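Q: With the hints as your guide, set chain B onto chain A.
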Amino acid sequence: MKVKVLSGDHAVAHAVKLCKVDVIPTYPITPQTLIIEKISDFIFDGEFDATFMHADSEHSAMSMAVGASATGVRTFTATASQGLALMHEMLYVAPQTRLPIVMANVNRSLGAGSGIWAEYNDSMPERESGWMQVYVEDCQEAMDAIIQAYRVAEDHRVMLPMMVCLDAFVLSHTVEKVLVPEQSEVDAFLPRFRPMNYLDTSNPKFINIAVSPAHSMEMRYQMDHLMRGVAPFIDEVDEEFSKMFGRRYGGVIEEYRMEDADYALMTLGTATSTARVAVDELRAEGRKVGLIKLRFMRPFPHERLRRALEHVKAFGVFDRSISMNGFGPVFTEARNSLYGTGVPVTDHIAGIGGRDLTVQMFKEMFQRIEDSVKGGGRDCYWHGLRGEQI
Amino acid sequence: MSKQLTIRTMPQEDMLTSGHGACGGCGLSTAVNNVLRVLGPDTIVYAPASCFLVFSAQYPISALKVPFIYSAFENTGAVISGISAGLRRQGKASYVVGFAGDGGTFDIGLQALSGAAERNDDVLYVCVDNEAYMNTGTQRSGSTPFGAWTTTTPVGKVIQGKRQHKKDLMSVIAAQEVPYAATLSIAHPGDFLRKVEKAKGKRGFRFLHIMTPCTSGWKTEPSATYELARLAVETGMWTLYEIEDGAKRITYRPKEMVPVENYLKMQGRFKHMSKEDIETLQKWICKKWKMHYEPDMVSPVPRSEEEELSMVEEDNEGI
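Chains A and B are the protein sequences, given in the same order. Going by the working numbering, the first sequence opens with residue 4, and the numbers climb by one from there. Going by the working numbering, the second sequence opens with residue 95, and the numbers climb by one from there.
Derived from the structure by calculation, the hints contain no laboratory data. If you're wondering where the values come from, they're calculated on a predicted model, not measured in any experiment. Heads up, some of the hints might be wrong.
[To be verified] With beta-carbon atoms standing in for the labels, derived distance ranges: (1) A:Glu221 to B:Lys359: 22 to 32 Å; (2) B:Gln205 to A:Gly49: 28 to 38 Å; (3) A:Glu262 to B:Glu212: 57 to 67 Å; (4) A:His228 to B:Ser112: 54 to 64 Å; (5) A:Gly116 to B:Thr374: 42 to 52 Å; (6) B:Gly185 to A:Leu182: 31 to 41 Å; (7) A:Gly49 to B:Ala269: 27 to 37 Å; (8) A:His228 to B:Thr230: 25 to 35 Å; (9) A:Gly345 to B:Gly231: 32 to 42 Å; (10) B:Gln205 to A:Phe55: 15 to 25 Å; (11) B:Gly134 to A:His228: 47 to 57 Å; (12) A:Gly116 to B:Gly134: 49 to 59 Å; (13) B:Thr230 to A:Val178: 43 to 53 Å; (14) B:Ala341 to A:Phe55: 27 to 37 Å.
Backbone N, C-alpha and C define an ideal beta-carbon position, used for all residues, glycine too.
Just chain A, with the same shape it has in the complex (with noise of 0.2 Å):
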């Protein structure tokens, strides 16, 4: 194991490389840029050998990505905002035709009033897509989630692509120490790829054709049924993973300081780091409170968080995008999870746009939530808006 000061977009080029992937189809986006030109040193420099393709477009470089891993070999893209709205259409493809990609998405505001800075709106729409998603919260579980991704989603049990997710900026350009495995730990951490279905002329297959009505609809509940199962496969792996290398991040979730608490708030990505913060100092005012670090958004972990969540009076979700209906998607999801047990669930969105997140932001949530139990308070609170909320 080697140390190395890292930003989160260099940790993912070196586990893309630690994971000796084959084929690595490519187009530059701020702020995953970083990522493909680490790998292109890599490639350029002759440390990896891998094939570096330069896409045409985001829809392209998914395209070309679909192709490669259709023959059977390991296959990694990495993209941004508008270059993963450019790559929607190609996205449903992947899951549908069991194509274990993994692609880095460096989580960026989209569309017009657009910015390069930190929020989800980009990837939270492509929940529906089939993908995979893990959110991570520093740039040792950037490289971590590559190297579990790939033993996730090659698994023959799953065969379903994964969208590692990491905060624009706050972690992709952000330098921090990493603990960079050895070759030989990731190599017998993560076997050889092999395909199930592929294309080979010796044994001729059709990937992916038109489907009718009788079959589309079996298709479909197949997926979902799947997708449903999955969350103790990354579990497992997670476990396995913490054998190897002596970190472990929980699998689906992480839970901090729940044991006995009352009142629990989740996020998820880098402002899991600054809610820490919150909860310590909270705990040290005698203040029963946890935290819960929502690491899956897909499969999201619906009964992990019932379980976790069985003994508090009220609970809080953070949401780093908005449905541009009253709530963000993290909340709709988690309420879905807790629907009958009665505990009130309030939504706090803050950090849109890369709006600083700050420890008192935290600190204000925490007293929604505790103050939702007596009923009264809106559902949806937005924090650090500049002025009064409305």
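A: Only chain B this time, still in chain A's reference frame:
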């Protein structure tokens, strides 16, 4: 490759089997079948959304004997590049071919096509050109010729048919300096087979542009398909040539130009055309004819409209 292929000596094994769902007289199915016969069983096929996809591959049956994949409309150039990269990575030498229609090539797929050409990826891109979006019911494409009826260039009270000429796609491809690009006609099988074989023997990006008459979209009799393909060449609506490492070579030159009217009158899509519109199309063909068959006569400086017209008249006198 010892002897040049002819229809007698060509491989007879079909990779596109009978029983597929193409219309009777479909030029596209003939083109695909003959390309695949020459490429043989060690071939992987990609098709975008198209007639070809629909008539050859509907779950759970298929008419293709070789591996096949589909994903979307605009990405033939990109997907075949990815397939090729994956195969080469594993040391496999299978041919990778994408069959895309004119809409998927001239219009929505132009960017991915251009990307693959610029990277010189080791693929064969075949454009099966029936001059409209036939799979969606005959809408105008960048390939539709001037004057043609389509469902989006209808014969209206004010405007009749398409008002623009067909995009010169081969010039776009040629400008990218690819190892091999050629135009083919199903009515010239010897020329057809020789070009497919040549493309098969090369590495890097290869492009075949095949005219494929369409009975439903052109409103023609199924039995007329070959005659139409032949007349397209004789009238100058289609030119047979190849560009190999930058050198252009005409592979068939009609003895004399047949008036385009002979070609138009066989097709329902042109039956409304006015005398003026036919003249406009004829002039365009004459210009194209000169460009292809008499390149030395092409002036390096732009001519005035007057000069241009007088040259066209001279051409017409020779018919």
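Q: Is it true that Gly116 of chain A and Thr374 of chain B lie within 42 to 52 Å of each other by Cβ?
A: With a Cβ separation near 48 Å, Gly116 of chain A and Thr374 of chain B satisfy 42 to 52 Å, so the hint holds.
Q: CB of Gly345 of chain A to CB of Gly231 of chain B, is that within 32 to 42 Å?
A: Since the Cβ atoms of Gly345 of chain A and Gly231 of chain B sit about 55 Å apart, the hinted range of 32 to 42 Å is violated.
Q: Confirm or reject the claim that Gly49 of chain A and Ala269 of chain B have a C-beta distance inside 27 to 37 Å.
A: Holds: the Cβ-Cβ distance is about 34 Å, inside 27 to 37 Å.
Q: Evaluate the given range 49 to 59 Å for the C-beta pair formed by Gly116 of chain A and Gly134 of chain B.
A: holds, 55 Å
Q: Do Gln205 of chain B and Gly49 of chain A keep their Cβ atoms within the hinted range of 28 to 38 Å?
A: holds, 31 Å
Q: Given a hint of 43 to 53 Å, does the C-beta separation of Thr230 of chain B and Val178 of chain A actually sit inside it?
A: Cβ of Thr230 of chain B to Cβ of Val178 of chain A: about 51 Å, so the range 43 to 53 Å holds.
Q: Verify the CB-CB distance for His228 of chain A and Thr230 of chain B against the hinted window 25 to 35 Å.
A: For His228 of chain A and Thr230 of chain B the Cβ distance comes to about 33 Å; the hint holds.
Q: Kindly confirm whether 47 to 57 Å is satisfied by the beta carbon distance between Gly134 of chain B and His228 of chain A.
A: violated, 40 Å
Q: Given the range 31 to 41 Å, decide if the beta-carbon distance of Gly185 of chain B to Leu182 of chain A lies inside it.
A: holds, 35 Å
Q: When you take the CB atoms of Ala341 of chain B and Phe55 of chain A, is the distance between them in 27 to 37 Å?
A: holds, 32 Å
Q: Looking only at beta-carbon atoms, does the pair Gln205 of chain B, Phe55 of chain A fall within the given range of 15 to 25 Å?
A: holds, 20 Å
Q: Could you say whether the range 54 to 64 Å given as a hint is met by the Cβ separation of His228 of chain A and Ser112 of chain B?
A: Taking Cβ atoms as reference, His228 of chain A and Ser112 of chain B lie about 38 Å apart, which means the hint is violated.
The structure does not agree with the numbered hints 1, 4, 9 and 11 stated previously, though it agrees with the rest.
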